[in-house]
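Colleague: Heads up: the protein sequence lines correspond to chains H and G, in order.
All you need for my numbering is the position in the first sequence, starting with 1, plus 156.
All you need for my numbering is the position in the second sequence, starting with 1, plus 156.
Errors might be hidden in some of the hints.
Pairs count within a copy or across copies, as identical chains cannot be separated in the list.
Claimed, not checked - Distance condition first, Cα-Cα at most 20 Å in a straight line; then the derived PhoX-like pairs of lysine-lysine:
#1 279 / 260
#2 299 / 311
#3 365 / 311
#4 360 / 311
Treat the hints as calculated values from the structure; they're not laboratory data.
This is what each chain is made of:
Number of protein chains: 2
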Amino acid sequence: MHLSHNSVKELPSRKRAQLINSIGGLKSANLIGSISKSGQTNLAIFNSVMHIGSHPALLGFILRPTTVERHTYENIFETNVFTINHIHPKMIAQAHQTSAKYEKSISEFEVVNLEKEFLDDFKAPFVKTSPIKIACEYQNEYKIQENACRLIIGKITDIYFDEGIQNLDGFVDLTKSESVGCIGTDAYFKATILNRFEYAEVGKELNSKS
Amino acid sequence: MHLSHNSVKELPSRKRAQLINSIGGLKSANLIGSISKSGQTNLAIFNSVMHIGSHPALLGFILRPTTVERHTYENIFETNVFTINHIHPKMIAQAHQTSAKYEKSISEFEVVNLEKEFLDDFKAPFVKTSPIKIACEYQNEYKIQENACRLIIGKITDIYFDEGIQNLDGFVDLTKSESVGCIGTDAYFKATILNRFEYAEVGKELNSKS
């Protein structure tokens with residue numbers, strides 16, 4: 157099947173959104189927790205959390221110009237901090253429900269029934285049952301002129317997870333944490349590792365990592 | 157286990173890279189094909205292809221400041237086009253091997269033995285055996301000041317895939333295409349869908365998509 161630029165443009169908007177949201181590849185799924193200056197908590201699902209760099213340790217995510225996710229942005233603007241929480245298979249319905257357009261005075265933690273917790277004096281709330289929790293400080297943002305989205309950059313300040321999911325070389329095995337991912341905007345998947353390889357070098361046979 | 161900002165900073169650099177590369181969540185894995193003005197082809201693996209917007213249809217990816225991936229950048233700079241190719245489980249060793257630092261005069265298509273193909277007069281090469289192939293035109297880039305990476309934005313011009321992997325609502329089922337993803341920099345995984353949900357609304361029970 158071949159879809160040209162023009163045939164994509166002429167699709168009904170929902171069908172186009174489903175197509176383009178899924179076509180780029182498998183995506184991460186995370187719950188971002190935040191808090192306003194006055195103490196109102198917010199929780200929202202994002203499928204765009206990405207690695208930016210290891211030194212300094214930076215993550216990024218794409219923030220849409222509209223929809224409920226603006227609460228996250230307003231809170232980060234006010235308090236400078238947010239949390240990134242991995243989603244366990246048992247949490248996917250609740251995680252997806254955070255994408256409904258709740259008013260700002262309503263905390264998604266309560267309405268979807270995901271318990272919040274505060275760790276080590278960090279101001280933003282974490283999801284208690286999340287297998288991997290990351291505290292971030294707002295670092296910078298880049299406005300994408302093409303569609304008014306923003307790439308938000310966060311500096312990792314703290315990471316929480318069960319020791320047993322990390323290999324000796326530092327690799328965190330996200331199949332052991334059972335972290336789920338997302339296809340498009342509404343399908344959640346689990347991952348099974350096919351193989352892990354050594355660092356690839358020119359002229360050297362590639363081996364699996366033992 | 158709690159890792160603070162300082163304990164992350166003090167890790168040996170490879171261990172820190174393994175940790176931070178894997179901690180953000182499951183990632184996409186794609187082969188980006190490109191071609192220089194003089195016709196030299198290049199193929200490189202990226203685990204940062206992301207959805208930017210559906211209308212206009214835009215994808216993005218993060219380009220590191222160093223490493224072999226500069227060939228991709230130089231080619232895009234010269235010819236303005238590139239292809240994004242999903243990775244099938246049968247291709248993962250070859251795909252990973254493209255991350256070795258080959259000289260520019262060497263085409264990864266040939267050295268890792270992934271056949272290239274040209275479709276509908278598009279200038280950049282596709283991976284013949286890839287289950288989903290996307291033609292992109294360079295649209296813009298944003299330099300991330302924090303670590304000199306670049307967010308490259310591409311406009312989708314053409315999409316190729318087998319009709320059978322798309323649902324009636326437009327959703328492309330990346331488990332049917334068997335598209336693989338990546339954890340960290342070296343682990344490849346396959347996806348199994350747990351559930352697909354309806355659009356979430358306030359005060360309405362969330363249902364699975366039938």
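Colleague: Each of the hints needs a verdict: does it hold here or not?
Modeller: Going through the hints against the structure:
1. Taking the shortest alpha-carbon separations for residue 279 and residue 260, only the intra-copy value of 18 Å comes in at or below 20 Å, while the best inter-copy value is 49 Å.
2. Both within a single protomer and between protomers do residue 299 and residue 311 lie at most 20 Å apart by alpha-carbon distance, with minima of 18 Å and 17 Å respectively.
3. Neither within a single protomer nor between protomers do residue 365 and residue 311 lie at most 20 Å apart by alpha-carbon distance, with minima of 30 Å and 36 Å respectively.
4. In this assembly of identical chains, residue 360 and residue 311 lie within 20 Å of each other by CA distance neither inside one copy nor across copies; the values are 36 Å within and 36 Å between.
In summary, the structure is inconsistent with hints 3 and 4 from the numbered list given earlier, while agreeing with the others.
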